[in-house]
Amino acid sequence: MTAMLDIKDLRAYYGQVQALHGMEFHLSEGSMTTLLGANGAGKTTTLRAICNMVRSTGTIQFEGRPLTGKSTENIVRLGIAHVPQGRGTFTTMTVEENLQLGAISRKDTKAISSDIERMYDHFPVLKQRHTQQAGTLSGGEQQMLAVARALMLRPRLMLLDEPSFGLAPLVVRDLFKILGKINREDKVSILVVEQNAQLALEIADKAYVIETGRIVMSGTASEIASNEAVRKSYLGY
Amino acid sequence: MELFINQVLAGIATGAIYACMALAIVMIFQAIDHLNFAQGEMAMFSTFIAWQLMQWGVPYWWAFLLTLAISFVAGIVIERLLFKPLAKAPILTNVAGFIALYAIINSVAGLIWDFTIKQFPSPFGSSPFLGSQLISTHQAGMIGVTIALLIALFFFFRFTRIGLAMRAAATLPESARLVGINTSWMIALGWGMASAIGAIAGILIAPVVFLEPNMMLGILLYGFAAAVLGGLTSPLGAVIGGFLVGVFENLVGTYIPGVGNELKLPIALALIVIVLVVKPTGLMGHTVVKRV
Ligand SMILES: Nc1ncnc2c1ncn2[C@@H]1O[C@H](COP(=O)(O)OP(=O)(O)O)[C@@H](O)[C@H]1O
Ligand SMILES: [Mg+2]
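First to last, the sequence lines map onto chains A and B. Add 455 to a position in the first sequence, counting from 1, and you land on the number used in this note's numbering. Position 76, counted from 1, in the second sequence is what this note's numbering calls 62; the numbers after and before it change by one each time, with no gaps.
Simulated from the structure, these hints should not be mistaken for lab results. Do not rely on the hints blindly, as some may be mistaken.
Some chain A residues close to chain B (C-beta under 7 Å, calculated; not the full set) [what the hints assert, rightly or not]: (1) R532; (2) F545; (3) G557; (4) I559.
Glycine residues also receive a C-beta, built at the ideal position from the N, C-alpha and C atoms.
Take the sequences, apply the hints, and build the full model.
This is the structure we're talking about:
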C-alpha cells in the first residue's frame, strides 16, 4: 500500500540558510501522525514545504501525485488543509465569513451551509459568535475557528502547526479530543506538529521526532511515549 | 444661504467623482501596497474610448457599458503584463512602472486624439434638477450613478464569494492562499475593477471639464487627497473622503477671497500633507502592520 503522504529527501532553505536536511517520512491514510521536536527543529518549515510556502527540494507525494512545482493554492485544492502557526485567522471578518472562506475553493456550493452547521455542532462556541469579528475571539476560540475553517475545505489531509500554542491546558484537551473525533468520524488524516509532546502522543497513532531538520526517531506513539531516553533528550518531559 | 447650499451640492457632485477615483486608488493600494499614479490617465483613456465609440454612432449607454467592459479587461492586462512581474521588485521600481504607464497612456492618447479639448455629452442634460437652480441634472446624475455604483460594490464585496475572496486576498494573502484562493488573480481582478470604476469617473466628469489628455490630472490629485483623508486602507473612508474633499474644495473656492481655480490644486496638496502629518491613518484607516 502506498502512503497518503510520502516525503523523501526534503531539504528547505531560507535564502542561504538550510533549515531541513533530507527529511524522510510518510503518513498512511486515516492516521493521526505527530511530528515532535524542540523550538527551531524545523517543524513549521516541514509543513510549509508541503504547501510550497518555502523553497525546497526533494519529493513530496500526495496520494501518489508529486506536489513539486504546484502553487500553494493548488496544493490546498487537492484536499490538504493547513492550519498555520499563528492560526492565520481573518481577524477583521466575522466568524461565519472565516468559515465561508474555508470552503471558498469548493465547487459543491450547495453543501456549504450544512457544513457550517456541522462545524457549529463540533464547536458550539462558534455558533454563539458567528456574527462577531473573529479578532474578538479568545485564543482558544480562534484555534477552534482555525480548525473549523480548515475542515470547511472537506480535506483529506489536515496539517496543524502547534494547535496547543498559547492555550490553557483544559482548552487544549478539548481541542485534541475534537481532533481525534474528526480523524475517526470524518476520516480526515491528520499531521499535527507539536512541542507539547505528551498530549500529542496521547492522541496520535504514529510519531516522528525531528531535530535540526532531520528525523531522529520514529515509531508508534506509544513506543515513543514509553521510551524514556527519547523523552528526556528530545521531548523534554 | 442659497449660495452656500448651491456650493455644497456642487461639491457633493464633484466629490462623487473624487470618491470614485479614491476608491479605485484604494482598491489597488490594498492589493499591492502601491499608489497607482496612472489611475487618472487610465480613466482619461477610457473616457476617450467612450467618446470614440459615440463618434462611431454607438448610443450613449451602450458606449458607457462597452467602455466599462474594455476598461475592465485593459486593467487586468496592464496588471498581468506590467505589475505582476514587478510584484517582488523594490518600491522605486514600481514607482517607475507607474510613471512609465502614466507617460505612455498620456502620449498615446495625445497621439490618437490630439490635445485639443473636446465636448463630451451628458445623458442627463444640464437643465435645473427638478426645477431647482441649486443643482443641475448632470450633477444630480453624477451623484446618482456614483451612489448606485457604491451600493453595487458594497453588495459585491459583502455577499458574493468572489468579493469575499478578494477581501481575504487583500487582507491576508498567505492565509488566503491556504484556503485555496489564487491571490495573484485577485490582484488582477482588483485592477480590472479599479480601471472600470475610473472609467465611470472619467465619463461622468468629462462633460464638466471637457475631454483632453490632461483632464484627469487635478481630479486624480483630489482623488489622492480623498483616499489619504479616508485612510488608504478603507474603501468606505475613501468614499467619505471624496465627498468631503469635494465640498471643502467648493467652499474654500467660494468663501476664501483670492482662492480661484489656480489655487485649488495647491489646496489639494496641502490637504494631503496636513492629513499625513496630523493623522496618517486618515479618518477610517487602520495602521498597517508590516512583518519585516
Ligand atoms: N523566515 C525565516 N528566515 C530564516 N530562517 C528561518 C525562518 N523561519 C525559520 N527559520 C529557521 O529555520 C529553522 C527551523 O525553523 P522552524 O521550522 O520555524 O522550527 P519549529 O517550527 O520547529 O520551531 C530554525 O533554525 C529557524 O531559525
Ligand atoms: Mg514552528
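Outcome of the hint check:
1. Taking 7 Å as the C-beta cut-off, the interface hint given for R532 of chain A holds, the closest approach to chain B being about 5 Å.
2. At its closest, the beta carbon of F545 of chain A sits 6 Å from a beta carbon of chain B; the interface hint therefore holds under the 7 Å criterion.
3. Against a cut-off of 7 Å between C-beta atoms, the interface hint on G557 of chain A holds, since the closest Cβ of chain B lies about 6 Å away.
4. The closest approach between the C-beta of I559 of chain A and any C-beta of chain B is roughly 5 Å, which is under the 7 Å cut-off, so the hint is satisfied.
Of the numbered hints stated above, none is contradicted by the structure.
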